[in-house]
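Asks: 178 is the number that the working numbering gives to position 178 of the sequence shown; each next residue is one higher, with no gaps.
A couple of the hints might just be wrong.
[What the hints assert, rightly or not] Now the in silico label distances, taken between C-beta atoms and shown as ranges:
no. : residue 1 : residue 2 : range
1   : Gly432    : Val27     : 48 to 56 angstroms
2   : Asp183    : Gln376    : 49 to 57 angstroms
3   : Ala430    : Glu142    : 50 to 58 angstroms
4   : Ile14     : Asp300    : 34 to 42 angstroms
5   : Ala442    : Arg462    : 19 to 27 angstroms
6   : Ala368    : Ala157    : 22 to 30 angstroms
7   : Pro422    : Leu36     : 23 to 31 angstroms
Just so you know, these hints were derived from the structure itself, not from any lab.
Note that CB positions come from ideal geometry on N, CA and C, so glycine has one too.
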Amino acid sequence: VWSMVLAWSGSWRITAQRDHTGGPFTVTGGAGHEGLAWRLRPGEQHRTPVFAGQFSTGGFGGTSRGWHAYVAGHVLPRPDEPRPVVYNSWEATGWDVTPQGQRALAERAAGLGVELFVVDDGWFGARTSDRAGLGDWDPNPERFPDGLGPLVKEIRALGMRFGLWVEPEMTNADSDLYRAHPDWVLHMPHRRRTELRHQLVLDFSRPEVVEWAFGWLDRLVAAHGVDSLKWDMNRAFTEAGRPGSPDAERLWTDHTRGVYAVIDRLRAAHPGLRVEGCAGGGGRADLGMLARTDQTWISDNTDSTDRIAIQHGYSQIYPARTMSAWATDSPNPYTGRTAPLRHRFHIAMAGALGIGGDLSRWSDAELAEARDLVAQYKEIRPVVQFGEQYRLDDAVQYLTDDRVVVIAWGRDRALRLAGLSPAARYTDEATGTEHHGAALLAHGLPLRLPKEDAPSAVVRFRRATRG
1 VWSMVLAWSG SWRITAQRDH TGGPFTVTGG AGHEGLAWRL RPGEQHRTPV FAGQFSTGGF
61 GGTSRGWHAY VAGHVLPRPD EPRPVVYNSW EATGWDVTPQ GQRALAERAA GLGVELFVVD
121 DGWFGARTSD RAGLGDWDPN PERFPDGLGP LVKEIRALGM RFGLWVEPEM TNADSDLYRA
181 HPDWVLHMPH RRRTELRHQL VLDFSRPEVV EWAFGWLDRL VAAHGVDSLK WDMNRAFTEA
241 GRPGSPDAER LWTDHTRGVY AVIDRLRAAH PGLRVEGCAG GGGRADLGML ARTDQTWISD
301 NTDSTDRIAI QHGYSQIYPA RTMSAWATDS PNPYTGRTAP LRHRFHIAMA GALGIGGDLS
361 RWSDAELAEA RDLVAQYKEI RPVVQFGEQY RLDDAVQYLT DDRVVVIAWG RDRALRLAGL
421 SPAARYTDEA TGTEHHGAAL LAHGLPLRLP KEDAPSAVVR FRRATRG
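Kindly produce the complete structure, drawing on both the sequences and the hints.
Replies: Right, here's the structure in full:
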């Protein structure tokens with residue numbers, strides 16, 4: 001299997017062709033769409049993004065594991081760092097972000113074993129809906145009269161790190177930033193400026209915009225000791241012009257380089273800072289962003305049944321430790337589908353586990369079950385996040401030198417495992433039953449799932465003997 005991946009987060013083009021004579025098959029790829037061109041100034045250099053290729057004789061599974069190794073070894077900024085269990089308050093509070101509401105959620109999240117608490121959209125400016133406030137990145141003075149400091153202190157006292165949602169590339173027309181700098185957004189002369197989600201795109205090809213973005217982010221992180229940022233980007237380019245520029249088409253590549261520059265400088269100034277990439281869901285699931293972020297928000301759809309296919313596709317290239325995956329409420333706020341808490345957690349445990357539900361509505365029984373599931377995830381986290389991944393029949397398997405974790409769903413069956421040593425023996429950590437590697441490979445593991453809608457299970461093995 002031949003495969004290629006372009007490490008770029010903006011406009012791009014990949015071309016595959018073979019000429020009419022039946023000559024060599026060629027693939028080229030790079031930044032910029034068809035017809036895009038720009039002039040280099042005297043002495044200026046243009047650095048193309050990495051276009052990585054791989055050949056594997058191991059089929060699609062071997063190819064996938066090859067990309068996982070490449071991402072860990074050559075792309076991620078901190079590949080060996082375990083990804084924390086996250087709680088994000090968006091689905092609980094929406095725009096209604098107050099210190100009291102966040103504190104109540106934080107107390108419950110800490111009780112579940114959460115390690116990083118993230119305050120999402122609604123903490124800044126005149127942000128009571130998506131119509132105003134983007135670009136005004138100071139805490140809302142009415143909701144946070146004392147700033148974010150007291151809330152950060154309380155969250156840290158609960159034993160968690162503190163994170164914030166930001167969307168640096170966007171502004172609302174109803175914002176102090178836009179009123180002061182209407183020329184900073186992408187626009188063309190004599191054309192109406194199109195708002196999508198009531199947003200306009202800031203032109204990060206402008207050095208002054210890049211400096212502004214780095215400045216407020218640097219101050220925000222330093223002032224509050226922010227441990228993690230969720231960097232969002234929720235709309236596409238329109239009116240992609242820069243009036244007065246002699247080479248306006250450069251913005252298609254220079255904008256992306258400007259975004260990269262801000263994140264790179266920010267992480268250099270704050271070495272412990274984590275960054276999660278997000279773009280209206282998984283719009284920036286690419287190696288360009290992963291080279292400067294720790295994980296990716298791959299979809300706004302948190303329905304555990306839908307996520308099975310979404311996560312299957314993402315995992316073809318990207319390792320589990322980079323995949324943000326949440327357990328949320330039932331019925332799911334996006335699809336209306338119901339699922340047992342166990343299923344919602346098990347599917348999310350296939351990546352970097354997060355929780356996004358309204359914990360204030362969870363019963364004591366649900367909170368107790370969630371606490372046990374978080375503890376189970378922490379126990380298997382080294383295998384899930386750092387083991388080799390095999391996609392099986394309605395299951396996913398993770399393998400290290402001495403441990404195996406299988407997350408399964410669907411139906412009772414004999415599930416054939418992969419990658420094991422045929423001569424070794426493996427002990428089921430829950431039952432103590434010992435299995436021959438050859439039998440698990442050839443005949444499979446007899447799966448008996450709970451008799452419920454959306455059944456699922458986590459099975460753990462430890463290698464008992466060498467073979």
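Asks: Indicate, hint by hint, whether the structure satisfies it.
Replies: Results of checking the hints against the structure:
{"no.": "1", "hint": "Gly432 - Val27: 48 to 56 angstroms", "result": "holds, 51 angstroms"}
{"no.": "2", "hint": "Asp183 - Gln376: 49 to 57 angstroms", "result": "holds, 53 angstroms"}
{"no.": "3", "hint": "Ala430 - Glu142: 50 to 58 angstroms", "result": "holds, 52 angstroms"}
{"no.": "4", "hint": "Ile14 - Asp300: 34 to 42 angstroms", "result": "violated, 26 angstroms"}
{"no.": "5", "hint": "Ala442 - Arg462: 19 to 27 angstroms", "result": "holds, 21 angstroms"}
{"no.": "6", "hint": "Ala368 - Ala157: 22 to 30 angstroms", "result": "holds, 23 angstroms"}
{"no.": "7", "hint": "Pro422 - Leu36: 23 to 31 angstroms", "result": "violated, 53 angstroms"}
In the structure shown, a violation is registered for the earlier hints numbered 4, 7, in ascending order.
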